[in-house]
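Heads up: the sequence lines are chains A and B, in that order. Using the numbering used here, you'd call the opening residue of the first sequence number 1 and step up by one each time. Using the numbering used here, you'd call the opening residue of the second sequence number 295 and step up by one each time.
Read the hints as simulated data drawn from the structure, not as lab findings. Since we're looking at a predicted model, the values are computed, not measured. Each hint should be verified, as a subset may be incorrect.
Straight-line Cα separation of at most 30 Å, DSS-like style, residue types lysine-lysine; simulated pairs [as the list claims (entries may be wrong)]:
| hint | chain 1 | residue 1 | chain 2 | residue 2 |
| --- | --- | --- | --- | --- |
| 1 | A | Lys4 | B | Lys402 |
| 2 | B | Lys344 | B | Lys357 |
| 3 | B | Lys401 | A | Lys8 |
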Amino acid sequence: MQVKFRSKALPYLLLLPSIIVSLLFLYYPALKTFVLSLYKTAFMGMRKIFVGGSNFIELFTSIEYLQSILISCFFAVGVVVIGLTLSLFIAVLSNQDIRGGRLYCLGFIWPYALSPAIAGVIWLFMFNPTAGIINYLTDLLWGISPDWVSNKHLALLMVIGAAVWKNLGYNIVFYLAALQNIPQEILEAAEMDGANSLQKFFLITFDFLKPTTLFLVIMNLIYSFFDTFGIIDILTKGGPVNATTTMIYKLYIDAFQNYKTGFAAAQSIILFIMVMGLTIAQFKWSDSKIDYGS
Amino acid sequence: MNKYLIKKWTKVVLTHLILLTMMLIVASPLLFAIIKSTQSMGEIFSYPPKLSFGSATFNNYKKALLDYNLARLMLNSCYIAIVITTLKIVFSILGAFAFVFFNFKYKKLLFWLILITLMLPIPVRIIPLFEFMKQLNWGDSFLALTVPFLASATGTFLFRQYFMSFPESIVEAAKVDGVGPLRFLFQILVPMSLNTIGALAVIELIYVWNQYLWPLIIITSNQKQVVQIGLKSLIGTGDQGTDWAVVMAGAVITLLPPLIVFILLQEQFMNGFALSENK
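Looking at chain A on its own, in the form it has when it is part of the complex:
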């Protein structure tokens, strides 16, 4: 509990800017999404017809939409598993007590500044069949030159790779911070008791990293569901034949290219339910206990 000042009007005035922006540009459009999801647009968006829950029924009977859910989940699992394994590995290695540790740290976390578009164009060029470096290497090593963009599985793999690279910095930042918070005495005590490096890692370090891992799993899920649009738009445009069309890409296509507003709004609602679940999970599991409204 912090010491309080006394004033009747001041706290409301202080909160006014945040509240106005939240109500106008967050709550109002979000509520309108709910309303829109109950309508169908006809005549080039000129007329709206109330259809109740039929947009949702259409969603869950549409093979294309169900497929985009499956692709999103596969994509998310790939980003989480590959991304977190790599980050943890790098963080543990660079956390060792050696000269230049800080420089190494910066050398690993800089990808935090990367954007989806930058990761996208660099990846697109690396995987270019004629001038890229990847096919040169695969040809050199195994004598194959795969067509990444037009193969269903390879395209998805390529997109996952770019997404993992872009988020590496974020993950390593949090793992490094967590590693620095582990009390050294415990590790030293374990060493004196004769524990080797592997035992120390799996029995002590890993245990201390559990809350951070949980936090990162959720943040990476949110990232792969909501913030990877740019990567997909630049690398594959959802193709080949929808093989990389994730839920958010499908929403964009239906809303702004097919102009199926009600149908797309229903997809927004599905995304809202997902982000709600993930946010609640994060609050429930995270270490930081937010004491509401003190």
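Put chain B on the given structure of chain A with help from the hints.
Here is chain B on its own, set in the frame of chain A:
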């Protein structure tokens, strides 16, 4: 007798080697992009791929910045990033100050009102927000890129957490001296919150600079576009397909501002955000 020393040194050298290799692997896509951004069309398509600096550096960067207008788009992105970040920090500080240092009616309700905005990212409200912007006549304007992003639940909670742990003795002393709430906020609290301000500045500058989906749909004129979309539009604009050297130059240019901000404010970012309990 030196067995122990030798063992120790091999371990140190080995660790350095492993770390350097890992660093190189993580950076390799970017290094590839930097090298390719200096090459001419012929060098780009040479086989085997040329992996040393080329002869067209100046030409490629000039093309990206001036011929393809990235310089202008960089300015747009800078302007938007600075406006949003500044106002977001101000609004978050004001809100957090109210939550921590005052008791008032409906405090819980207002707290929840801001908390729940965490669950309303752009994809959840993109269609109505797009229509709303058109109604306000804000389509294709910087207003549409900035105003809807000025409230920040993350920022409010970051400052709230820091304010709650602020030494009570300082607040008491200020009150005894007859310092009012606003003077306390601006002369004592804000100057002592620089770490948190720095951390939020990094997060928001990079977040805004990297925005993609919203500008893609709301901005239609090339002069008002942000640099990320400009980067995308470099693909497929060359005489024969894509001028990859120019695209890579564009990628390097686009990465520089957030990278510099990140390196400069790295310490604040770690102390004020990653190491703090509230994320």
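We went through each hint and held it up to the structure:
Simply put, Lys4(A) and Lys402(B) have alpha-carbon atoms about 16 Å apart, close enough for the 30 Å limit, and the pair holds. For the hint linking Lys344(B) to Lys357(B), the alpha-carbon distance of about 21 Å falls within 30 Å, and the restraint holds. Distance hint between Lys401(B) and Lys8(A) is fulfilled; the C-alpha atoms sit about 12 Å from each other, no more than 30 Å.
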